[in-house]
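**Q** So the protein lines, in turn, are chains G and E. The first sequence lines up with residues 1 to 235 when you count with full-length UniProt numbering. The second sequence lines up with residues 1 to 235 when you count with full-length UniProt numbering.
By construction, these hints were calculated from the structure, which means they are not laboratory data. Do not take every clue at face value.
Said to hold, decoys possible - Derived CB-CB ranges, DEER-like:
id, chain 1, residue 1, chain 2, residue 2, range
1, G, T226, E, E26, 47 to 57 Å
2, E, Y223, G, G44, 17 to 27 Å
3, E, F72, G, K201, 26 to 36 Å
4, G, G16, E, E113, 50 to 60 Å
Unchecked claim - Only pairs whose alpha carbons sit at most 25 Å apart, straight line, appear in this in silico BS3-like list of lysine-lysine:
id, chain 1, residue 1, chain 2, residue 2
5, E, K168, G, K166
6, E, K30, E, K67
7, E, K60, E, K83
8, G, K168, E, K166
9, E, K206, E, K147
10, G, K168, E, K168
11, G, K206, G, K219
12, E, K61, E, K83
13, G, K147, E, K147
14, G, K179, G, K168
15, G, K235, G, K201
16, E, K166, G, K166
17, G, K30, G, K147
18, G, K206, G, K83
19, G, K201, G, K30
What the hints assert, rightly or not - To list a few chain E residues with every Cβ distance to chain G over 12 Å, as calculated:
id, residue
20, M1
21, F22
22, D23
23, S57
24, E71
25, E113
26, D137
27, L161
Quantities reported herein were computed from a predicted structural model and do not represent experimental measurements. For each residue, glycine too, the CB sits at the ideal point set by N, CA and C.
Listed below are the residues making up each chain.
There are 2 protein chains.
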Amino acid sequence: MRDLLIASTSTVHGSGYLEYLFDELELLFKDCNEILFIPYARPGGVSYDEYTTIANSAFKKIGKKVKGIHEFKDLQNAISNAKGIFTGGGNTFVLVNQLYRNNVLASLQNAIENGTPYLGTSAGSNICGLTMNTTNDMPIIYPPSFKTLGIVPFNINPHYLDPDPKSKHMGETRETRIKEFHAFNTQPVIGLREGSWIEVKGENIKLRGDLNARIFEYKKEPYELTTNNDLFFLK
Amino acid sequence: MRDLLIASTSTVHGSGYLEYLFDELELLFKDCNEILFIPYARPGGVSYDEYTTIANSAFKKIGKKVKGIHEFKDLQNAISNAKGIFTGGGNTFVLVNQLYRNNVLASLQNAIENGTPYLGTSAGSNICGLTMNTTNDMPIIYPPSFKTLGIVPFNINPHYLDPDPKSKHMGETRETRIKEFHAFNTQPVIGLREGSWIEVKGENIKLRGDLNARIFEYKKEPYELTTNNDLFFLK
Numbered sequence: 001m002r003d004l005l006i007a008s009t010s011t012v013h014g015s016g017y018l019e020y021l022f023d024e025l026e027l028l029f030k031d032c033n034e035i036l037f038i039p040y041a042r043p044g045g046v047s048y049d050e051y052t053t054i055a056n057s058a059f060k061k062i063g064k065k066v067k068g069i070h071e072f073k074d075l076q077n078a079i080s081n082a083k084g085i086f087t088g089g090g091n092t093f094v095l096v097n098q099l100y101r102n103n104v105l106a107s108l109q110n111a112i113e114n115g116t117p118y119l120g121t122s123a124g125s126n127i128c129g130l131t132m133n134t135t136n137d138m139p140i141i142y143p144p145s146f147k148t149l150g151i152v153p154f155n156i157n158p159h160y161l162d163p164d165p166k167s168k169h170m171g172e173t174r175e176t177r178i179k180e181f182h183a184f185n186t187q188p189v190i191g192l193r194e195g196s197w198i199e200v201k202g203e204n205i206k207l208r209g210d211l212n213a214r215i216f217e218y219k220k221e222p223y224e225l226t227t228n229n230d231l232f233f234l235k
Numbered sequence: 001m002r003d004l005l006i007a008s009t010s011t012v013h014g015s016g017y018l019e020y021l022f023d024e025l026e027l028l029f030k031d032c033n034e035i036l037f038i039p040y041a042r043p044g045g046v047s048y049d050e051y052t053t054i055a056n057s058a059f060k061k062i063g064k065k066v067k068g069i070h071e072f073k074d075l076q077n078a079i080s081n082a083k084g085i086f087t088g089g090g091n092t093f094v095l096v097n098q099l100y101r102n103n104v105l106a107s108l109q110n111a112i113e114n115g116t117p118y119l120g121t122s123a124g125s126n127i128c129g130l131t132m133n134t135t136n137d138m139p140i141i142y143p144p145s146f147k148t149l150g151i152v153p154f155n156i157n158p159h160y161l162d163p164d165p166k167s168k169h170m171g172e173t174r175e176t177r178i179k180e181f182h183a184f185n186t187q188p189v190i191g192l193r194e195g196s197w198i199e200v201k202g203e204n205i206k207l208r209g210d211l212n213a214r215i216f217e218y219k220k221e222p223y224e225l226t227t228n229n230d231l232f233f234l235k
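Between the sequences and the hints, there should be enough to build the whole structure, so can you do that?
**A** In structure tokens, the structure reads:
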């Protein structure tokens, strides 16, 4: 049975790395002591080792060990043998590029579909959608494709931000950007605010956390979805 | 002699489309009555016709006519025969994708290098840099490449925004994003604030407008460059 936590962000303002999710993570990873970490998104350009140390320090607080995928020789095996997987945030272009170059997308998809517990934050959440076309990240690398895992039948926009009515900046708001996406694509998009996550248990997909989410469907006005509601209708 | 105005934005807050640039545009386009408009970036998903109407209304105020490139059968000819060219803003991925699909990048580069006056705003400015890797836009379409015209020997970040010290949002600041770019790329980036533009006259490249710009060089701390200064050192 699929078992995922797809979070908007690793960190909410004023709290430590992953801290707001600790209760959930104890449940998600209850049957595994060692979690396989995918550090490919390299936030701020940090090395795989540095990033793995950060993830390890956080999981230590709930009694878990973290091992970076770069410490393994056979990457496909590392994924299929993992008891739990965490893909951290950073730059989605860098992450997706590395997943393609290392030829691990299919293994990751199989492991998740076969029930390996999975945590994604930010870029690590983006890849659970159909494509990475709705990332907020800067395209600092050209990946072989924008197609991602398609664990959920829609696209994700993490760190969703409401328009600021007082802003004098002329750059596009997040809402405008996602509307532009729908001038060229038809799949729905969930705008996931910081502190929200998507819980996938088998065929059930639910919005979790304290906040509502903003839903963008093709040729419809965007609307709010209340937390703890099903997302099964969104496809 | 190359003659370009590469602007951060088409519109500054509280003013009409292109209005803050009218004096400059009268000079840039003094020898041409009809300007070729490239509407491919389609802001908000508008049609080429709608976008061309917007550009035409603005240029009418300084006595110029605008014709969309989509009104021509032979696109390469339209570009090489143009007396002046304007590429408007919108989504850089959509713009670059269409320039590649229609096979007009080389013609555009030739026309500009041969002295056809060129105005770019936002996405239309991004393409004057070496690559589009430092756009702020959402990757709503997968273009064949991120390589762009390379009229200037650096990358451009239009609509540059300073970090907001009061923000509680955990998404990356613009400065962090450009620093991440330099974890994977070495060319300099100019953060061009709204109201600033780059003036290219032959081999001379200058920062113009009332504001300073933020310069990001590989393995250096970012710094401010005062307006009206040369940019020839940036490569």
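**Q** Hints broken by the structure, by number, lowest first?
**A** Hints 3, 17, 26 and 27 not satisfied by this model.
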